[in-house]
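Q: Sequence:
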Amino acid sequence: MSIRQCVATAAAALAFGAGGLLVTAGPASASTSAVYTCNPPTYMTGSGGHAGASLQCFGTSSNDLFNVAVTCRKPDGYEYRHDGPIVRSGETSTVWCDLNARIVHLAYVRW
1 MSIRQCVATA AAALAFGAGG LLVTAGPASA STSAVYTCNP PTYMTGSGGH
51 AGASLQCFGT SSNDLFNVAV TCRKPDGYEY RHDGPIVRSG ETSTVWCDLN
101 ARIVHLAYVR W
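Heads up: the sequence shown begins at 1 in the working numbering, then just goes up one per residue.
To be clear, the hints were calculated from the coordinates, so they are not data collected in a lab. Take these hints with a grain of salt, some might be off.
To be verified - Derived DEER-like restraints, expressed as beta-carbon distance ranges:
#, residue 1, residue 2, range
1, P75, M44, 17 to 23 Å
2, T42, N100, 19 to 25 Å
3, D98, N63, 30 to 36 Å
4, G48, G77, 17 to 23 Å
5, S62, L99, 33 to 39 Å
6, T60, V104, 17 to 23 Å
7, N63, L99, 22 to 28 Å
8, F58, D98, 26 to 32 Å
9, P40, Y78, 35 to 41 Å
10, T37, K74, 29 to 35 Å
11, D98, T37, 26 to 32 Å
12, S47, P85, 17 to 23 Å
13, T60, N100, 36 to 42 Å
14, K74, N39, 25 to 31 Å
All figures in this text were calculated on a predicted structure; none of them were measured in a lab. Note that beta-carbon positions come from the ideal geometry of N, C-alpha and C, so glycine has one too.
Turn these sequences into a full structure, and let the hints steer you where they fit.
A: Put into structure tokens, the structure is as follows:
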């Protein structure tokens, strides 16, 4: 299943502060046991003012994989997507926007 399909079939959404949004994504045919549980995302500011976020999620086995994906917005309004590394259940995936951009949407993608 492609990343676009996973994100397009979002299972639930929870609003978080700072305008961020966490969307748990999974295939349309997934049962509720296939949906990951995640800790609240951690938003951070890196060197030079880069906006970043990390997310720790838990699947049903240690072999389940996911990554964090964010939509970043530049000051001129241009939006783009950045993906964090694919990690195993229980690990943390971290992603950063370009300098002067901010995170406007956050989601995880199951693999």
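Q: Determine for every hint whether it applies to the structure shown.
A: Okay, the hints, checked on the actual structure:
no., hint, result
1, P75 - M44: 17 to 23 Å, "19 Å, holds"
2, T42 - N100: 19 to 25 Å, "21 Å, holds"
3, D98 - N63: 30 to 36 Å, "33 Å, holds"
4, G48 - G77: 17 to 23 Å, "21 Å, holds"
5, S62 - L99: 33 to 39 Å, "36 Å, holds"
6, T60 - V104: 17 to 23 Å, "30 Å, violated"
7, N63 - L99: 22 to 28 Å, "36 Å, violated"
8, F58 - D98: 26 to 32 Å, "30 Å, holds"
9, P40 - Y78: 35 to 41 Å, "28 Å, violated"
10, T37 - K74: 29 to 35 Å, "32 Å, holds"
11, D98 - T37: 26 to 32 Å, "30 Å, holds"
12, S47 - P85: 17 to 23 Å, "19 Å, holds"
13, T60 - N100: 36 to 42 Å, "39 Å, holds"
14, K74 - N39: 25 to 31 Å, "28 Å, holds"
Hints 6, 7, 9 from the earlier list are contradicted by this structure; the remaining hints agree with it.
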